[in-house]
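Number of protein chains: 2
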Amino acid sequence: MVELSRRRAIEDVASELFSAHGYAATSVRDIARVLDIQGPSLYAHVTSKEDVLWAIVDRAATRFETAAEAAVASGAHAGQDPAAALAALVRAHVRVITDDVGAAAVFVHEWRALAGERRAGVLGRRDAYERRFRDLIEAGIATGDFEMTDSSLAATAVLSALNGIPGWYRADGRLPANRVADHFVDLVMRMLLGASR
Amino acid sequence: MVELSRRRAIEDVASELFSAHGYAATSVRDIARVLDIQGPSLYAHVTSKEDVLWAIVDRAATRFETAAEAAVASGAHAGQDPAAALAALVRAHVRVITDDVGAAAVFVHEWRALAGERRAGVLGRRDAYERRFRDLIEAGIATGDFEMTDSSLAATAVLSALNGIPGWYRADGRLPANRVADHFVDLVMRMLLGASR
DNA sequence: CCTACCGATCGGTAGG
DNA sequence: CCTACCGATCGGTAGG
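Protein sequences, first through last, are from chains E and H. Residue numbers for the first sequence follow numbering that gives the first Met the number 0, so the first one is 0 and each next one is one higher. Residue numbers for the second sequence follow numbering that gives the first Met the number 0, so the first one is 0 and each next one is one higher.
What the hints contain is simulated information worked out from the structure, not anything from laboratory work. Note that the structure is a prediction, hence the values are computed from the model and not measured. Don't be surprised by glycine CBs; every beta carbon is placed ideally from N, CA and C. Treat each hint with caution, since some may be false.
Far from chain E by the CB rule (all over 10 Å, computed), these chain H residues [said to hold, decoys possible]:
hint: 1; residue: Val45
hint: 2; residue: Glu68
hint: 3; residue: Arg117
hint: 4; residue: Ala141
hint: 5; residue: Ala156
hint: 6; residue: Asp185
Output of the computed footprint for chain E on chain H, the stretches with three or more beta carbons under 8 Å from beta carbons of chain E [unchecked claim]:
hint: 7; segment: 105 to 116
hint: 8; segment: 123 to 137
Whole structure, please, built from the sequences with the hints as guidance.
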């Protein structure tokens, strides 16, 4: 966590605290204390506590979207192999989480604390993101690669399982990030692939 | 949500509010307002805000444990058919969630707000509960019913997927609780069963 | 980035 | 179950 800018350092500290204790249970002074400054001094860099949350959530959402776009568009399977595309999407999702567990946890759990348009915007982007999973599952069923299933429930189940990762993954834990991704790709493929495998 | 006792009504209202906004973001006065009483009047029935949270979490944990015990111990598959036992365990877990979505969500997400022994106790019970899933997965691998996999990661993935249910399930939604359970049993079995299926 | 300070709200108590 | 009230803490501002 190198300090590129003071603003960014604030967001990184806030990510850790928000993910560990929740947005509402974290005070502005808690964040300041970690940075060894006084509470009010934070406001030289940010305009409100909610702005910090928004910055974290917006950046995390963008990272998920960018990674998904790259994963699905890349390679020989562009638009023609749903199973390979879904595997790449799962792998990209795991990587975004393991690259910044705190931010991912905040994105997944703390969007409720946002108000009005920001909250609605995040929900919309989350729906669009989930639709990528659902569409690939449906495409795989259509080609006969995947067994018949409720695509909406399956997509939600897969994303819930993936989004549980911040709850147990540790960078210095038993499984390195790449192995975690391998396992999830395996589990998802087993869950969906038909007798063709 | 019938009012059996005032104390229970308080816990039911608190479950709704805690699950919707989080423990820290819910004030004692918020709970009182829904019950049409004054904030301090709550303390005629409870000793602290955290006691209310604890009551909700403890009861939910007990419901999960009791349902799991009954599911695994019952029927002809007692201790001899890991796949059938795991299916029953998944079904029981879904039922506990759909029977009281608010309490389940609080159990899954708000235990962080507990302090000291209570927090440690819940974590211990959660671990023991997860071990039921892991042990059955390992037993199924040992008998050859399930394909080889990382049992710990698989158990966590399954539970994360199930615990995502409060995030989208609605009692008056597209899928009734029984169908949700059917689908999750199917997905979990597909994920784990080997070529023997 | 600091000190001094603001109004609002928090969980909870006293005393009926 | 109520009114009146408590000390603590909250997010944030003023003015340097």
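**OP:** Would you pick out the hints that fail for this structure and give their numbers low to high?
**Re:** 5, 6 and 8
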